[in-house]
Each structure stands twice: as structure tokens, then as C-alpha cells.
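Q: Take the sequence shown: its position 7, counting from 1, is numbered 7 in the working numbering, and each next residue is one higher.
Note that these hints are calculated values from the structure, not bench results.
For clarity, every value in this text was computed on a predicted model and none was experimentally measured.
Even for Gly, the Cβ is constructed at its ideal location relative to N, Cα and C.
Heads up, a few of these hints could be off.
Pairwise CB distance ranges (calculated) [to be verified]:
(1) Lys44 x Met1: 27 to 33 Å
(2) Arg45 x Gly14: 21 to 27 Å
(3) Gly48 x Asp8: 29 to 35 Å
(4) Thr7 x Lys44: 17 to 23 Å
(5) Arg45 x Ala15: 22 to 28 Å
(6) Glu50 x Arg29: 31 to 37 Å
(7) Glu50 x Gln21: 16 to 22 Å
(8) Val6 x Ser39: 27 to 33 Å
(9) Arg2 x Lys30: 14 to 20 Å
(10) Tyr43 x Gly14: 16 to 22 Å
(11) Glu50 x Lys30: 36 to 42 Å
(12) Ser51 x Lys30: 32 to 38 Å
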Amino acid sequence: MRTITVTDARKRFGALLKAVQQKPIRITRKNCDVVVVVSVEEYKRISGAESFDESRLG
């Protein structure tokens, strides 16, 4: 899995969105994992969801 920093994710957000369509990307801050970004298709696969429910984002 590719890893990038929060700073790089902000600077290259468009490229991040494109890259995550191929495989998940781990984002770190101060060498600590913050989040793993996955495509909607991957999210559906791993969660068993048939659709993406935005209301769950809060």
C-alpha cells in the first residue's frame, strides 16, 4: 500500500483521487497512520454495502 503524508495529500489531492481508484493509500501525520483512503467500489466490497450512504459521515 502506498503511503503519503497529510501535507502531500493536500498538495496533490487531485492525483490522490485518481490513484486511489487503483489501490488504497495510507495517509500519515508525524509518522502515525491517520486514514486509509479507498475507492467507493473498494469500500462497498469490504463493507458489504450495496450503496454509499453519505448520511453516515455525520
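Q: Take the hints in turn and mark each one as holding or not.
A: How the hints compare with the structure:
no.: 1; hint: Lys44 x Met1: 27 to 33 Å; in the structure: 19 Å, violated
no.: 2; hint: Arg45 x Gly14: 21 to 27 Å; in the structure: 24 Å, holds
no.: 3; hint: Gly48 x Asp8: 29 to 35 Å; in the structure: 31 Å, holds
no.: 4; hint: Thr7 x Lys44: 17 to 23 Å; in the structure: 30 Å, violated
no.: 5; hint: Arg45 x Ala15: 22 to 28 Å; in the structure: 23 Å, holds
no.: 6; hint: Glu50 x Arg29: 31 to 37 Å; in the structure: 33 Å, holds
no.: 7; hint: Glu50 x Gln21: 16 to 22 Å; in the structure: 20 Å, holds
no.: 8; hint: Val6 x Ser39: 27 to 33 Å; in the structure: 20 Å, violated
no.: 9; hint: Arg2 x Lys30: 14 to 20 Å; in the structure: 18 Å, holds
no.: 10; hint: Tyr43 x Gly14: 16 to 22 Å; in the structure: 20 Å, holds
no.: 11; hint: Glu50 x Lys30: 36 to 42 Å; in the structure: 37 Å, holds
no.: 12; hint: Ser51 x Lys30: 32 to 38 Å; in the structure: 35 Å, holds
Of the hints listed earlier, those the structure fails to meet are numbers 1, 4, 8, in rising order.
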